[in-house]
Structure formats: structure tokens, C-alpha cells
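Number of protein chains: 2
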Amino acid sequence: MSSKTSRHVLSILVEDRFGELARIVGLFSGRGFNIDTIAVNKTLDPRFSRAVLTTRGDDQIIEQIIKQLHKLVRVRKVHHMTDEKHIERELCLVTVRAAAPKAREDLERIINLVGARVIAYSPTAFTVELSAPSKEVENFLELLRPLGIKDLCRSATIALARPGDDKTSNIGENAA
Amino acid sequence: MSSKTSRHVLSILVEDRFGELARIVGLFSGRGFNIDTIAVNKTLDPRFSRAVLTTRGDDQIIEQIIKQLHKLVRVRKVHHMTDEKHIERELCLVTVRAAAPKAREDLERIINLVGARVIAYSPTAFTVELSAPSKEVENFLELLRPLGIKDLCRSATIALARPGDDKTSNIGENAA
Numbered sequence: 001m002s003s004k005t006s007r008h009v010l011s012i013l014v015e016d017r018f019g020e021l022a023r024i025v026g027l028f029s030g031r032g033f034n035i036d037t038i039a040v041n042k043t044l045d046p047r048f049s050r051a052v053l054t055t056r057g058d059d060q061i062i063e064q065i066i067k068q069l070h071k072l073v074r075v076r077k078v079h080h081m082t083d084e085k086h087i088e089r090e091l092c093l094v095t096v097r098a099a100a101p102k103a104r105e106d107l108e109r110i111i112n113l114v115g116a117r118v119i120a121y122s123p124t125a126f127t128v129e130l131s132a133p134s135k136e137v138e139n140f141l142e143l144l145r146p147l148g149i150k151d152l153c154r155s156a157t158i159a160l161a162r163p164g165d166d167k168t169s170n171i172g173e174n175a176a
Numbered sequence: 001m002s003s004k005t006s007r008h009v010l011s012i013l014v015e016d017r018f019g020e021l022a023r024i025v026g027l028f029s030g031r032g033f034n035i036d037t038i039a040v041n042k043t044l045d046p047r048f049s050r051a052v053l054t055t056r057g058d059d060q061i062i063e064q065i066i067k068q069l070h071k072l073v074r075v076r077k078v079h080h081m082t083d084e085k086h087i088e089r090e091l092c093l094v095t096v097r098a099a100a101p102k103a104r105e106d107l108e109r110i111i112n113l114v115g116a117r118v119i120a121y122s123p124t125a126f127t128v129e130l131s132a133p134s135k136e137v138e139n140f141l142e143l144l145r146p147l148g149i150k151d152l153c154r155s156a157t158i159a160l161a162r163p164g165d166d167k168t169s170n171i172g173e174n175a176a
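Chains U and C, in that order, give the protein sequences.
Following the numbering used here, the residues of the first sequence are numbered contiguously, the last one being 176.
Following the numbering used here, the residues of the second sequence are numbered contiguously, the last one being 176.
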């Protein structure tokens, strides 16, 4: 069997108990997989949280990790999103210097072009938010870099089945 | 000494090595703290990742956890954001049923009122994104609930110092 290395996005529905996140994370690090990004938050069902992980690695080993995730008592569902039609987004908050009129003009143009929004500001700096796929967030940061990036926080990638793709929909409300 | 229980938002700058996330998460679960949300992603410096955690618990115990975090070799900085002026946001992706014209009218009104955006759709369902503080995301989901929520994914809360608040700025670029 041939095997290759690719990027993987996993969406994991898990019972909300402390210690469970440590177990999930441990399954990856135990096999030498670096978790590039992880997002954990509530679902509509208070008993469950959802974890979305992105990682890069051998396709066969990922299949083994998924099998082991299924064996964890508190893991209810695991979706390998990269196998299915899905939408990915991350949220980026970034504060840039813009003390001079020319800098503000540049900033205004960039945020209008990409669909970002100002959410806070001081006399010399603006905090901007952008929701986009990770690659676009990185392009956005490259566009802003000449202005001077003062501060940055990126949410992990999150992912959802495309509407109408019955295979993976209903993983929100009807999960339990 | 009196102590009280509150919500805490921690922003942790950490060297990007596998296993480190498991150690950080373990510090919390080992003391019986549930991590409500966690977001981990890259920073501008490829050597470092940032983890933003939200948790609820005893204020004195959180101070102990922060001291222990500082002792981890690969943890560079820990900011207790809730002690400082900061901005919080999370990203919510949600697919709602809207097969009838009346449902689409309701949906359009709600998303215009709150500043959400359609990012994908099928003939019977729409996927909408909203970036807002967690409480507003929960209000948004309550507004959508009567339409029928098919699918949901929430990023963890992320947080940034307010621009102009020198105490906590520069935790992005100048971190290393």
C-alpha cells in the first residue's frame, strides 16, 4: 500500500469532561503528529464540545488515529472533513500602526478590498478583524506587514459541511 | 485571604513543538479546571504558536496555574487578558434551514441586524458566519433557532489587547 502525506482537518464531537481534551491531544503527540491548529468550543447540546484540529501527516497514520479516537469512550463522532465538501474559515484579529494619513489611506484600501472590518482603534493604531480561509489570512497579513503589525491573534481553522451535503450535515444539533 | 471564582482568559505564547500543547492542557485538567474554549494557531514568528484559553475557576488557583505555565521551558509569555483592557471575539459558522420565502425573509433580517454574512448555500439551507463576543454569538443562535439549525461550528474565543494599551501590546510580532 502506498501512502502519502497531506493536510488533514478533523472535526471531533466529544463529551464535555475535563481531561478529555488532554487525551485527544495526547493521541496525536504520541504518534509524532504536530497539531497545527485546534479550536474547542460548545455545541448546541450542553453535554458536548466540538474540537476542530488541523494537522499534516501520513494518510495511513491519520486513519489509525481516527480509529483510536473512535475508541475513546467520550468521543461521539469524528469527521475527516478534508475527505468531504466543506467550508473552512479562521478569524484573525490584528492591530496595525496607522499614525499618518497615508498609512490610514493604505489601511482603508486593504480592508475594503478584502472585506475586513475595524473593531477598535487608538489615535495611532487600528484593530481589524478578518474571517477567511487560512491562506487568505496569510495574504492579508502580508498586505498589512509594511504598515507595521503591532499585535496579532488568529483563531484556529474551523470547518463545516457545505449546505446540501447530506453526508456530513446535522453534526451540530442532532449529534446526540 | 479571600478568593472568588471568575471567568479567565489566558493568552499563552509557546514554542511550537509537539507535546507542548498536551503539557499545557494537562496543567489545567490536573487541577480540575475545565477548559471551556481553546484556540491554538501560528504567530508571525514561525518558532511560536499562541494558545488562547477560557476557563472558570478560583482566582488564587488560576494564579498558581499561571506561575506553573511560566515554568514550562517552552512557554515564553502568559497574559491574563481578563486583568487588562482587551477585545474578545469568536467566529461562528452556522447552517440554517430556509426553504420557504418567509424563512429566507426572517433570515435576511436577522443577519442584516447583527452584521452576519452568507458564505454558502443550497436551495434549502444557508451557511452564515458571524464574528462577535461569545454572548452575542449565543444570542444570534437563539435568534436562528426557530428557523432550524442544521449544523454549527464555533471557533474558540480569541483575545487581543486594545490598541493604545501599551501594557499588553506587542505580544504579536515582538514576542521573540
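One should not assume that every hint holds.
Because identical chains share one entry, a pair is satisfied inside a single copy or across any pair of copies.
[Unchecked claim] Calculated pairs, SDA-like style, for lysine to any residue (alpha carbon to alpha carbon, straight line, at most 20 Å):
| # | residue 1 | residue 2 |
| --- | --- | --- |
| 1 | K42 | G57 |
| 2 | K42 | K135 |
| 3 | K135 | I110 |
| 4 | K71 | L27 |
| 5 | K102 | R145 |
| 6 | K42 | E88 |
| 7 | K71 | R31 |
| 8 | K42 | S29 |
Bear in mind the hints are in silico, worked out from the structure with no lab data behind them.
Hint-by-hint comparison with the structure:
1. With identical chains, the CA atoms of K42 and G57 are at most 20 Å apart between copies only, with a shortest distance of 18 Å across copies and 27 Å within one.
2. When the C-alpha separation of K42 and K135 is checked against a cutoff of 20 Å, the pair qualifies only between copies, where the shortest distance is 12 Å, while the shortest distance within a copy is 26 Å.
3. For a Cα distance limit of 20 Å, the shortest separation of K135 from I110 inside one copy, 16 Å, qualifies, whereas the shortest one across copies, 30 Å, does not.
4. Taking the shortest Cα distances, K71 and L27 sit within 20 Å of each other inside one copy (11 Å), while across copies they are farther apart (24 Å).
5. Within a single copy, K102 and R145 get their C-alpha atoms as close as 15 Å, which meets the 20 Å cut-off; across copies the closest is 45 Å, which misses it.
6. When the C-alpha separation of K42 and E88 is checked against a cutoff of 20 Å, the pair qualifies both within a copy, at 18 Å, and between copies, at 16 Å.
7. In the homo-oligomer, the alpha carbons of K71 and R31 lie at most 20 Å apart inside one protomer (16 Å), although the nearest pairing across protomers, at 25 Å, exceeds that limit.
8. Taking CA atoms no more than 20 Å apart as the test, K42 paired with S29 passes between copies only; the shortest distance there is 17 Å, against 24 Å inside one copy.
Violated hints are absent here; each numbered hint is respected by the structure.
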